[in-house]
Each structure stands twice: as structure tokens, then as C-alpha cells.
Amino acid sequence: MLHKYRWYEYVLIYCGVAVFLTFVLAPFVEAFVVSLRPLSGLFSIPYKFITDEMSFEAYFSMWKNVPLLWRYMLNSFFIATVVTVLGLICIIPAAYAFARFEFPARNSLLGVFIAVNMFSGAVLIIPLFKLMQQYGLLNTYFAMIAPGTAFVIPTGIWLLRSYLVRIPKELEEAAWVDGAGKIYTLVRVIIPVALPGIVVVTITAFITAYAQQFIYALTFNSVNELNPLPVGLFQFFGRQSVVWNELMAASLVGILPVLFVYVFLQRYIVAGLTAGAVKE
Amino acid sequence: MAHTAKKKDYFPYLLLVPATLVMVAIVAYPLFETFRLSFTNTSMSPKYEYVGLANYEKIMSRRFPEVIARTFYWMGLSVALKMLIGTLGAVLLNAMVPGRALFRILVMPPWVIPIAIGVFIWGWMYNGQFGMLSGMAQRLGILSGPFEFLAYKNSAFMATIVTDVWIGVPMVTLYLLAAMQSISKDLYEAAWVDGASRFYRFRRITLPLIFPSIATMALLSAIATFNSFDIIWILTEGGPRGATTTMIIDTYKTAISRFKYGEGAARTVMIVLFLGSFTFIYFVLLSRLAKRSPNNAA
Chain X
121 MLHKYRWYEY VLIYCGVAVF LTFVLAPFVE AFVVSLRPLS GLFSIPYKFI TDEMSFEAYF
181 SMWKNVPLLW RYMLNSFFIA TVVTVLGLIC IIPAAYAFAR FEFPARNSLL GVFIAVNMFS
241 GAVLIIPLFK LMQQYGLLNT YFAMIAPGTA FVIPTGIWLL RSYLVRIPKE LEEAAWVDGA
301 GKIYTLVRVI IPVALPGIVV VTITAFITAY AQQFIYALTF NSVNELNPLP VGLFQFFGRQ
361 SVVWNELMAA SLVGILPVLF VYVFLQRYIV AGLTAGAVKE
Chain V
4 MAHTAKKKDY FPYLLLVPAT LVMVAIVAYP LFETFRLSFT NTSMSPKYEY VGLANYEKIM
64 SRRFPEVIAR TFYWMGLSVA LKMLIGTLGA VLLNAMVPGR ALFRILVMPP WVIPIAIGVF
124 IWGWMYNGQF GMLSGMAQRL GILSGPFEFL AYKNSAFMAT IVTDVWIGVP MVTLYLLAAM
184 QSISKDLYEA AWVDGASRFY RFRRITLPLI FPSIATMALL SAIATFNSFD IIWILTEGGP
244 RGATTTMIID TYKTAISRFK YGEGAARTVM IVLFLGSFTF IYFVLLSRLA KRSPNNAA
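So the sequence lines, in the order shown, correspond to chains X and V.
Per the working numbering, residue 121 is the first one in the first sequence, and the count goes up by one each step.
Per the working numbering, residue 4 is the first one in the second sequence, and the count goes up by one each step.
These are calculated hints, taken from the structure and not from any lab test.
Each residue gets a CB set at the ideal place from its N, CA and C atoms; glycine is no exception.
Keep in mind that the hints are not guaranteed to be accurate.
Claimed, not checked - Straight line, CA to CA, 30 Å or less: simulated DSSO-like cross-link-like pairs of lysine-lysine: (1) Lys302(X) x Lys289(X); (2) Lys156(V) x Lys289(X); (3) Lys50(V) x Lys256(V); (4) Lys61(V) x Lys250(X); (5) Lys188(V) x Lys124(X); (6) Lys61(V) x Lys156(V); (7) Lys256(V) x Lys156(V); (8) Lys250(X) x Lys50(V); (9) Lys50(V) x Lys61(V); (10) Lys250(X) x Lys256(V).
Claimed, not checked - A few chain X positions that, by computed beta-carbon distances, are all more than 10 Å from chain V: (11) Tyr128; (12) Pro158; (13) Met174; (14) Leu244; (15) Ile246; (16) Lys250; (17) Tyr261; (18) Pro267; (19) Gly299.
Only chain X is shown next, with the shape it has when bound in the complex (with noise of 0.2 Å):
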């Protein structure tokens, strides 16, 4: 058989993945031990992976000694939240456009749309910087959502536009024989037909924007009570005596609601982050 592997096969297999499960998993298992280490375990000489006195202290302590940590939390889940819902307002309309539409000058139109992609928010770090300053927006949660916002969209339409394009026009044309408008059209058929599509670009989105919160926060919010999870946590970090087993918790709580969202929905997320793979 094709797939048929020999013994050693096997084994050199197995080797490999885990060498690089290793790699990718090994800061996390790393994390979880620390986090359950008391502090005097973690400065033990020699290192130990396995200490005594493992306990989950550190997890009921951190919200004492970080006392805006379930702020921190609630404001990264809030941003992300209002960035995809805003990145969905431009993208679900910007995307059938370019899915379903001839106009001039599309592809290019698109092209500039995709290119926005090359620049991340450090590019535009300054001028934003002396535009929220002018219009007095430092320190409120419009500096961190409205960068965020705009780094979700071009990969939100790349993403919708190859979905909708696989639909059926005889969809429209039937809504559009009955009498129905472009927007109820849009709306009423599109959505709901590419609601799978949809659910893809939203969780990429909402990914993005709670995975990128970190050069905005630190650089137009000094107001410690709007600060998401990765620069209330830096503030921690920063410092001469870290607390490391409750910085380790608060950070893998941190991420627990992505990895949540990831572990159920992982096969729309690969589908929707990899593609383009098989059409480029």
C-alpha cells in the first residue's frame, strides 16, 4: 500500500512530531508548572522541573495582589469584541462587492485593500499617536479599537469574497425576480447563505484583534483601568522581583478563552487562516 510506513518509519515519525511538539507545546507546559510552583519552589538552585508543595495557589492569590486583573480581562474581551463587530460592518458589505459586482477598477481597488495587510500597527504608530492626541483620544478605548479595526479588514474581505464568490448567482437573481432590493437581497439571501463563511472570518477576526492589542494599548492608554490583558500584565513583568508562578496564572487564564474558542471551532479556524493556500 501507498501509505504503508516501515517499522522505522514509524519511529522516525513519531521522533520528528515529537521533537516539534516539543518546540511548540514545551513553553506552555513550562508556564502551567510555574504557575503551580510556590515562589520559594521557583528560585530553587538547581532548576527542577518537578517541585514540592505543587499547589493552585497562585490562582486564587493573583486576584489579590493584581487587583485589576478581572478588568484587564474583561477590557482585552471587550476590544476584541468591538473590533470583529465593527470589522463585520465593513467587511460582509466590502466583500460582496468585490465577490459579485463588475466596477471599474476592482481588482486593483481589491489589491490596495490586501496591501493594507504589509503594515502593522508600528508602521502607523506616530501619526496615529499626534491624531488621537490632537482630538483628544488617548486613553480612551476608541484608540485601542480603532487601530485594531482596520488591520482585521483585509483579510476579513480576502477570506468572505472567495466564500461568497463559490455561491450560487441564481440565489440573487430569483430574490431580485420577486422584487426584492439590493440591500434586503444582501441581507435576507446573502447572510444567511453564507453564515458558515461568516462564522469563519469572525473568529479569525476576533483571534486577531485579542492576540494584537498590545503596541496600541501601551502606546495611547495610560489609564491603568482600560488596560487590556497582555500591558496590565507587562506592568508586572517589567519589574525588578517579578511574582512569576501568579504572572504565569493570570496569563494563562488570559488565555484560556481563545484557546477555548479554539479547541471547539479548530477546523474553521485552520480553514479560514490557511487559505489560499490550494487557490494561490
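With chain X's structure known, arrange chain V on it following the hints.
The following block gives chain V in isolation, referenced to the frame of chain X:
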């Protein structure tokens, strides 16, 4: 299409209004502003003057060329490692062995979590006194004493690259895996019937057919790596003694930490020029690939 027969149809433009507004406000206008500010001496105060090319002269004569070279070195090394490990990972995950579905799920976490949080964990691992890497290396006898990875120029440089690779590898792996799975099984079967070995099939079928995806991914990773900020800022803030100061970090320090917006803007213009040329190459590559396989063109 039925509805395109109408002469003037403003509907598609109407659909593009929200996305365009956001792009103009957040990307296009700020980009234009960056260009304009790069010719000024703007700083904290609202008043500023146009100074011509002074900012560009300044950055060209100082250590900025060194920063550019370092950025390319950092990016080149990181992208090369990502492609190498990613391709090997994709080959392993493509093997038809029990457990492969689980392995594919386990690859993803570094990519979906907030970058900053992944970097906190690496920050601990690089800790010389108590971190995992130094500790393990001492146990295995590679190091004779504690080693502070982020305190020395070379090791800090490599440490930031390793973390960047860790974050980038899942994307590369899964992207190349998707490309490998889109290759028709018939090709492999035909080669197998002809008695081609597994390695031969990989070299003569898999590799040539996924090469376009490797090239695409390498360029996309290059762009992402060039823009990389969180990793270096959290681990070293560009130190020690500038060893990890890339163009993005240098620009951020100049503009945001030292309030020299004008000089920062000139640096940003340089960054945009580099990114623009990467993107140009990317589009040329895409259109070449589209021409070669018209049926698959997106």
C-alpha cells in the same frame, strides 16, 4: 451577470463605503501624514517647521544603516528558520499515522494566543538564574553555570529570533500542510506504481508542487517579521546595547520614547519603502503563479 447590464450602478461603491472610510482614516491619511511629518522637526509642542531632507540626512549619517542591516539579518534568519521548521513540521503532520488529527490541533496554540502573553512565558524561560533553558542546559552539562540569555548581545539576538520563530511556525506549518493536502493523490499513486521511493516522491512531486506556497509564505512571513514589535519590546526593548534594535524598535524609541516625531517619521518612510517592495514582489509572484495555473487562480 444580469445586474451589471445596467449602465451606472453605484451599489457596489456604496457597499465599499464603510471599509474605505476606515482605511482612509486609519491607514491612508496617517501614511500621508507620516510622509509629510518626515520633512518637519515636529516634536511635543504643536509648532513645527519644515526642515527639508534634514531628517533623512541625519538618519543616513548616523547608525541607522547599521539598524537596517541588523533588521534584515534578524528577519532573514527568522524567516529561514520558520520555513525550514515549518516545512519539516508539515511533512511530519502530513504522514498518515494514527494520532495525526490530534497533532494538527496541538500545533496551533502559539499562533492563537496573544503574542505578548507567549512572550512573557519566554521571558521566564530565558531567565538565567531560575529559567527552564538555563536550568536544563546546566543539568545536561552544556552550561557550567547560570546563563542570562537576554543579557548578552548575541544570545539576546538569538533569543528574540527563537521566540519569533515559535510564534510564526504554526502558521507556516498549517499553510504548507494545506498545500500538501491539495496535491492530487493520483500523482503519488502513479509514481508509487512506477516504483518511486517515498523520498523520490517527496522530491519530485511534493516539493515542486508546494514550492509556490513556500515562496508565498516566505514573503508573508518576511513582512510579518519585519513588522515585529511585541517580541523584542517585551524581551529586551532593543537591548542589550542595541543588539536587538530593529527598524521598528528604533522608530518607536525615537518617536514615542524620545518624542522626536519628525525623525521617527523619516524612519517610518524607510520602513514603508522596504515593506512596499516586499509587497510588490509578493503581487508579482502571485500574478506569475496565477498565469501558470489559470484554473486555480483566485
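Against the earlier hints, flag every one the structure doesn't satisfy and list their numbers going up. 2, 14, 15, 16, 18
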